[in-house]
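Colleague: The lines below spell out each chain.
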Amino acid sequence: MAECGASGSGSSGDSLDKSITLPPDEIFRNLENAKRFAIDIGGSLTKLAYYSTVQHKVAKVRSFDHSGKDTERDHEPPYEISVQEEITARLHFIKFENTYIEACLDFIKDHLVNTETKVIQATGGGAYKFKDLIEEKLRLKVDKEDVMTCLIKGCNFVLKNIPHEAFVYQKDADPEFRFQTNHPHIFPYLLVNIGSGVSIVKVETEDRFEWVGGSSIGGGTFWGLGALLTKTKKFDELLHLASRGQHSNVDMLVRDVYGGAHQTLGLSGNLIASSFGKSATADQEFSKEDMAKSLLHMISNDIGQLACLHARLHSLDRVYFGGFFIRGHPVTMRTITYSINFFSKGEVQALFLRHEGYLGAIGAFLKGAEQDIKSKVDAGGLAFCFPDPNQYSWGENYAGSSGLMSTSPELGPAQRARSGTFDLLEMDRLERPLVNLPLLLDPPSYVPDTVDLTDDALARKYWLTCFEEALDGVVKRAVASQPDSVDAAERAEKFRQKYWNKLQTLRQQPFAYGTLTVRSLLDTREHCLNEFNFPDPYSKVKQRENGVALRCFPGVVRSLDALGWEERQLALVKGLLAGNVFDWGAKAVSDVLESDPHFGFEEAKRKLQERPWLVDSYSKWLQRLKGPPHKCALIFADNSGIDIILGVFPFVRELLLRGTEVILACNSGPALNDVTHSESLIVAERIAGMDTVVHSALQEERLLLVQTGSSSPCLDLSRLDKGLAALVRERGADLVVIEGMGRAVHTNYHAALRCESLKLAVVKNAWLAERLGGRLFSVIFKYEVPAE
Amino acid sequence: MGAGRLGAPMERHGRASATSTSSAGEQAAGGPEGRRREPLRRRASSASVPAVGASAEGARRDRLGSYSGPTAVTRQRVESLKKKRPQLLLAFISFSFLFPLQLPMSKSFFPWFGLDIGGTLVKLVYFEPKDITAEEEEEEVESLRSIRKYLTSNVAYGSTGIRDVHLELKDLTLCGRKGNLHFIRFPTHDMPAFIQMGRDKNFSSLHTVFCATGGGAYKFEQDFLTIGDLQLCKLDELDCLIKGILYIDSVGFNGRSQCYYFENPADSEKCQKLPFDLKNPYPLLLVNIGSGVSILAVYSKDNYKRVTGTSLGGGTFFGLCCLLTGCTTFEEALEMASRGDSTKVDKLVRDIYGGDYERFGLPGWAVASSFGNMMSKEKREAVSKEDLARATLITITNNIGSIARMCALNENINQVVFVGNFLRINTIAMRLLAYALDYWSKGQLKALFSEHEGYFGAVGALLELLKIP
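Sequence lines, in order, name chains A and B. Using my numbering, count along the first sequence one by one with no gaps and you end on 797. Using my numbering, count along the second sequence one by one with no gaps and you end on 519.
Any given hint could be a false lead.
Residues of chain A clear of chain B, computed beta-carbon distances all greater than 10 Å [said to hold, decoys possible]: (1) Asp155; (2) Leu325; (3) Gly412; (4) Val444; (5) Leu512; (6) Leu713.
List of simulated lysine to aspartate or glutamate pairs, EDC-like, C-alpha gap at most 16 Å [unchecked claim]: (7) A/Lys118 <-> A/Glu145; (8) A/Lys153 <-> A/Asp141; (9) A/Lys242 <-> B/Glu431; (10) A/Lys138 <-> B/Asp401; (11) A/Lys240 <-> B/Glu431; (12) A/Lys243 <-> B/Glu428; (13) B/Lys220 <-> B/Asp181; (14) A/Lys242 <-> B/Asp181; (15) A/Lys629 <-> A/Glu793; (16) A/Lys485 <-> A/Asp496; (17) A/Lys240 <-> B/Asp317.
Hint data in this document are derived by calculation from the structure and do not stem from the laboratory. Just so you know, even glycine gets a beta-carbon here, dropped at the ideal spot from N, CA and C.
Could you build the full structure based on these sequences and the hints that come with them?
Modeller: Given below as structure tokens:
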């Protein structure tokens, strides 16, 4: 009683549009290196997926070959920076109307250069219809894939890899979209796909799923019956009609049956007793709008009811909805949500997916990749093998993805269609798989971000403006970081445009990329910088500051060692905090650093707020230090330069001296002036050369330097490098230190861990400081011990 | 009919709570077992319904002591009458004095009516006493006699009222009286005319209690009072439905079985309607298909709960048929449906996959998308009204079957009784329900039907009037 795919035959305009000119920079990017294709052709939209490689410039740091320490001179940089080309993998997904399919296939054929691909995986109702066209144009063999299998593979993939993929939809709420944090265990779940019919599938594991039921009353019923009743042919127009109708003119409501008595009976008079119950008469005309609305309610309610019955039977409380009936239509998301709430009495949650439209294409692509591996293995080896996408973690590239469409109600179907002509999604393959920090108290409820800017309009306004105002500085920095490049200024300008446009989009649609947060704004900026080959605009700044700080290290350590134990503990903490002032991401600081080249560690210490700090659990921390040493501390460092060298390392050194092992986690890739893992390796090596404590700790692996897997100025403890997680488990880490505004305030301020934690930061933003109840350069020192 | 109890939502109204309404009904809950999920099944209104099981003796004692009627319900009623209608009360009391010790006490209540006012149809059951003594006949007031003659000598009333003669239950003993039970229906929109007739025929002088259930008991209460000079005793429709169905099943159908099922429902040649002995009625899933649908899980005669309901019911079938085909009666809609071909309208699994969809074990003949073919202009132009009527019937019926099956699974019940006027003269729907339930449950579920499909609520109302223990 069900059907899964999109409607095959109900196409809207059958004539193919050949005149379209495609802007290749924007749409079929990296096509020349495309390695594998998949296509999902629905009733009106085509979704194309391909895997390609992207050549990136990356800044690499490398130690000089020192024959001896004496060669080091004061003005020599501590290490060299070189820009290299690196190849990374990217998945591209493009969604366009079926009318453009021929033009798009031509374009692909013309631009495809280096492919060894012979086959294209195809799914969706239209795959059959366009099979010949695809084979003729691309000279690739069409391999048809099962619609449902693709859909579920795609669904698993986005749920695992895209943060904030799923959302609940609340009509009239601000924001209408409430995104879900990624659940570490996505299985089991119920997927209700509303194509022309309805399929209800229970997904239990990656490969195991079961059709548990379905209904023939689905999108095709709305469309087909709607077309008969209203003489309106297009699905979008029918929805538009429905959004303007009054179903109570057509439906028999409880109040029609009970009269006014429903109130005294405690019944809602507006409940529908019988859909179309009032139309059982020959002597009345009904408006198209009213009938369409009644039909919409009838179908949505019916689907919601069945979904709830199935959810109950299988004891599931998460139901994902997809299919063309849902696809980005606020009207249907609204009625389905209402129905699920009604029938489950709030026990079941109706969830929608940001990339719902791409599931089939993603799944078909993954299916192809699996077959590739299998055939390679069968052929007797893995010599050159297409990498299995499921073995990797992937991240949404904000720079290359379109985000959710506007849902403003005044947008009629015509406008919608235009605005959504080409919709893009790009996923970058991450170097290493990402997992939860094992020390999270409750992974399912962990939310990295402290403030939800989709929710908090005031904060949103402030931060968007803040990022707009900082843009000039970032552009300048980017140009300055590549003095030898002829096109740096031009690329920087493109970067400015791109990021500016993203910020404007986010002003209009804060929900476009999931929950809007300071982190997502920062990450989007990093993605945009990367897009235009500015991999590390702060590399030179970091290099200089690391050099300066390294030279100060022995002095700082000497003066710390001269202090008594208790004084030293406070000095170490103050050092950490003062080091953290050196943050080029904070405008209040970068202004100072730009204007005063002599602003140093001591000056920074004077900027700090005096105790008692804004958040001050130092006494508790001191008390703790008087007790037995921690077994192992995991430290997330923030900035390069003074922060890591004069703040973090002395603190690390003290822990080591106490007998605590230390795992020092730094970013895998550059972000602002944050210290990267490779920089930390060089810095550690240099410090080891000056300090025996650090030296022996490194030798004996009591001090371990690891990468976080991230390139963000913030920290998502649910997406950390797998190796880090393994090490944390192996060493039995019992203390987590998180440093800096991005990691300890914008994110993780409320993160609950299973072990002791120390979150410290200097609030280098006046607005935020005020919001927290303090002033610029207020200090957060939050030492927490989990409840027994 | 179950229309009013369904709860299909409309999104504008906050958190819905069709079934979570007041638990005041608990006060009225009788019986030692209590009831499962009490708040689910009763509304505040049921508080006015007496506890079940009040014995005739108790009733008599009450009556003798207070002259206020046989049971609490009548007492309450009289209590309220006292305030509003003193002259009626006086008449009532004096009437009671006439037969203070005479049995059966119910004699004083003639005529015996049970009324179920649904969203589309009004169902009226009337007990015609056949054991009237000469003495009684003499005493029988003129208006009572005229009602009896009018109802029993006609099979149609006005242009829309119909007596289902074939359903008449003969030689029934009810409350010590012998007689025939008549089943009459007319459209709810003729309710005003009915009330007017009650006024014209001077019903109010009969001093009878009018027991009514269904949403219309509430909707028309005021009209009964102001126009017909009659006060209704409103009864919970689910209580009435269950009582009615259990009673009717117990008395059979003039020597035949009340309950039946279909053997080989999919095969026109071999399909057989066979009697079913409902000797172990519990647990039972009761699906009442009126304008909308109510689904009840029944565990014993007074332990049941409303499981869910859907707004896609008989009213939807008929309403959509009117819009799609221009038909004007339910009979016409069914007649058209019997001549149509739904596969021209619906998209089947085989239309999409060329055959069975093996990955999911779906047979090619299953409907993938109801009205799915109507997305295409060419196909819209190629279908007949009969095809559309058929598709509408199949769509609604399949959906009810599907929801009923899910409820049966969730409640762990394997016999499902379908009742309600949607099934009247609707063999197509019954056979489809029988087949679909059997097929999708792999033979685990049995669909049962009942001869008096739409009248149980009205019968239940009549029983309340008579207070049969």
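Colleague: Could you run down the list of hints and mark each one as holding or not?
Modeller: Hints versus structure:
The beta carbon of A/Asp155 sits about 6 Å from the closest Cβ of chain B, which is not more than 10 Å, so the claim that it is off the interface is violated. Non-interface status of A/Leu325 relative to chain B is upheld: no Cβ of that chain comes within 10 Å, the nearest being about 13 Å off. Every C-beta of chain B lies more than 10 Å from that of A/Gly412, the closest at about 27 Å, which supports listing it as non-interface. Non-interface status of A/Val444 relative to chain B is upheld: no Cβ of that chain comes within 10 Å, the nearest being about 32 Å off.
Separation of A/Leu512 from chain B is adequate, the least Cβ-Cβ distance of about 34 Å exceeding the 10 Å criterion. Remark: the non-interface label on A/Leu713 is consistent with the geometry, its nearest Cβ contact in chain B lying 49 Å away (cut-off 10 Å). Straight-line distance between C-alpha atoms of A/Lys118 and A/Glu145 comes to about 10 Å, which keeps the hinted pair within the 16 Å bound. Pair hint A/Lys153 plus A/Asp141 holds up; C-alpha atoms about 12 Å apart against a cutoff of 16 Å.
At most 16 Å may separate the alpha-carbon atoms for a hinted pair to count; A/Lys242 and B/Glu431 meet this at roughly 13 Å. At most 16 Å may separate the alpha-carbon atoms for a hinted pair to count; A/Lys138 and B/Asp401 meet this at roughly 14 Å. For a cut-off of 16 Å, the pair hint linking A/Lys240 to B/Glu431 stands: about 12 Å separates their Cα positions. Restraint check for A/Lys243 and B/Glu428: satisfied, since their Cα atoms lie roughly 14 Å apart, inside the 16 Å limit.
Only pairs whose Cα atoms come within 16 Å are accepted, and B/Lys220 paired with B/Asp181 is accepted, the gap being roughly 12 Å. For the suggested pair A/Lys242 and B/Asp181, the alpha carbons sit about 66 Å apart, so the restraint of at most 16 Å is broken. At most 16 Å may separate the alpha-carbon atoms for a hinted pair to count; A/Lys629 and A/Glu793 meet this at roughly 9 Å. Distance check on the hinted pair: A/Lys485 and A/Asp496 sit about 14 Å apart at the alpha-carbon level, within 16 Å; holds.
Proximity of A/Lys240 to B/Asp317 is assessed by CA-CA distance (about 37 Å); at most 16 Å being required, the pair is judged violated.
The structure is inconsistent with the numbered hints 1, 14, 17, although it conforms to all the rest.
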